[in-house]
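Work out the full structure: start from the sequences and follow the hints.
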Amino acid sequence: MKLMTTTALVAAFALPAMAEQTDITQTIEGLQEALNSIEIADDATDVAQTAVNAANLISLEDNLDDVLQDADLDDGNEGIDFEQVASNVLDSGPASFNSADLSGVTQDATNVLNSIGGVGEDGGLPDVNTLYQDADEVVQDAFNDIELSGPATSEDISQAATNALNLATLEDVNGVNSIGAAFEMQQDGDDIFQSAYNELDIRDGITDTNTDDVLQSTQDATNVINMADISEDLNGTLLQELTDSDQSAANVAHDTRRNAEINDLLQAATNIANVLTVGGVATDAIEQNYEDSVQDASNYVEFRDLGLSGEEPKLDDMGELADVIDQTALNGINIAEVALPEGTIAQFSLGSDQTATNVAENGSWYTSIDADIDNFGQSATNVANILSVGALPDLAGASDLTQTFDGVQFSSNAIFHADDLSMVTQATTNVANSISTITGE
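Taken in order, the sequence shown gives residues -19 to -1, 1 to 422; the numbers are from mature numbering (1 follows the signal peptide of the UniProt record, and there is no 0).
Incorrect hints may have been included.
What the hints assert, rightly or not - Using C-beta positions, here's what the derived DEER-type ranges look like: (1) 414 with 85: 44 to 52 angstroms; (2) 383 with 404: 42 to 50 angstroms; (3) 212 with 22: 26 to 34 angstroms; (4) 407 with 299: 19 to 27 angstroms; (5) 84 with 35: 48 to 56 angstroms; (6) 11 with 403: 51 to 59 angstroms; (7) 411 with 2: 45 to 53 angstroms.
Source of the hints: derived by calculation from the structure; they are not laboratory data. Source: prediction; values computed, not measured. Cβ coordinates follow ideal geometry from the N, Cα and C atoms, glycine included.
If you want it as structure tokens, here you go:
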């Protein structure tokens, strides 16, 4: 019994080593490159290329004290402090006679810097007392390219290029033992460049032959900076800040041979900066700053003589037919959802530039009588300073909400040199400064 009691006491005193007394500091500089390249002269079936770079990662379920994830040398020198390059290339080579039909090809290029979260999908989430994620003079480049120079067709192609910087998925921010901390939680990015790019260059067409419409060829380009998801309470102040930075997400698909067609190709380009979700109470001030930065989301598809066809409308959750959006370009700045805010919330977007564009174009210099477009949807959206709250305090003056926007929002959709159109939709949306109630509250 004495041994069991002693063992239990030792275990109890050992617990704080991975509990609230634990500080974690991660710093990084330098270069990460993950490169895959394939050159083929014939067909390719069920090919997967995955390029991943990851730095400053924490996956724990514990209660932590002060956490610092830093990619900012603060050495006074100009230039890049840290760079991540993830690239996948599949090429048929320079010979124009190479015939390489593709089926079931997947390219996934991913860069992640400064991330804290739980263990697995079903694991618990960490608590922190304070969290500071910082990145300065950082480049993230995710690139996928399929280029076939000879007669070739493709089906069931998937390209995903993703850059993510300063991510936090937490249960609580406790805000204790934070003496000297300007904010209990801070995500900061300065002089960041993110490029997510997918290119698909096929000579004889791009298609999905799956009759059940379960699979289709897809291009997804995504950039994220400063994203926090707190499932319960935020006890303390929070700042998300991004300055002098560029995000570029682009998808390009070429169908450059006569008598070719494109079917069921989905393109999505997304840039997101400063996103916050608080599932419980936010006790103190929340501030989101976005300054002198650029977001550019674009999709481009070039079709030829036999035209362009998207997916047919599908049943939505209400059992009604809904159009499938084939080209989606989205930029988002300062998006917050707070269930119970008890302090001030301020969103500032100053000197911001958002551009969302979709283009579908006939690559021929003339309009072919067969270059029809069917079941095709385009959506271009820019949003800035979007706040959703569950409820506001009853006490007058206890919660002040401020939204300031100064910048440019440009969204456009274009279709050039098509013949007949059927079931074609275009939607452009720009929203700045919006406050609403969380859906369902």
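Check your understanding: Looking back at the numbered hints, which does the structure fail to meet, lowest number first?
Key -> Hints 3, 5 not satisfied by this model.
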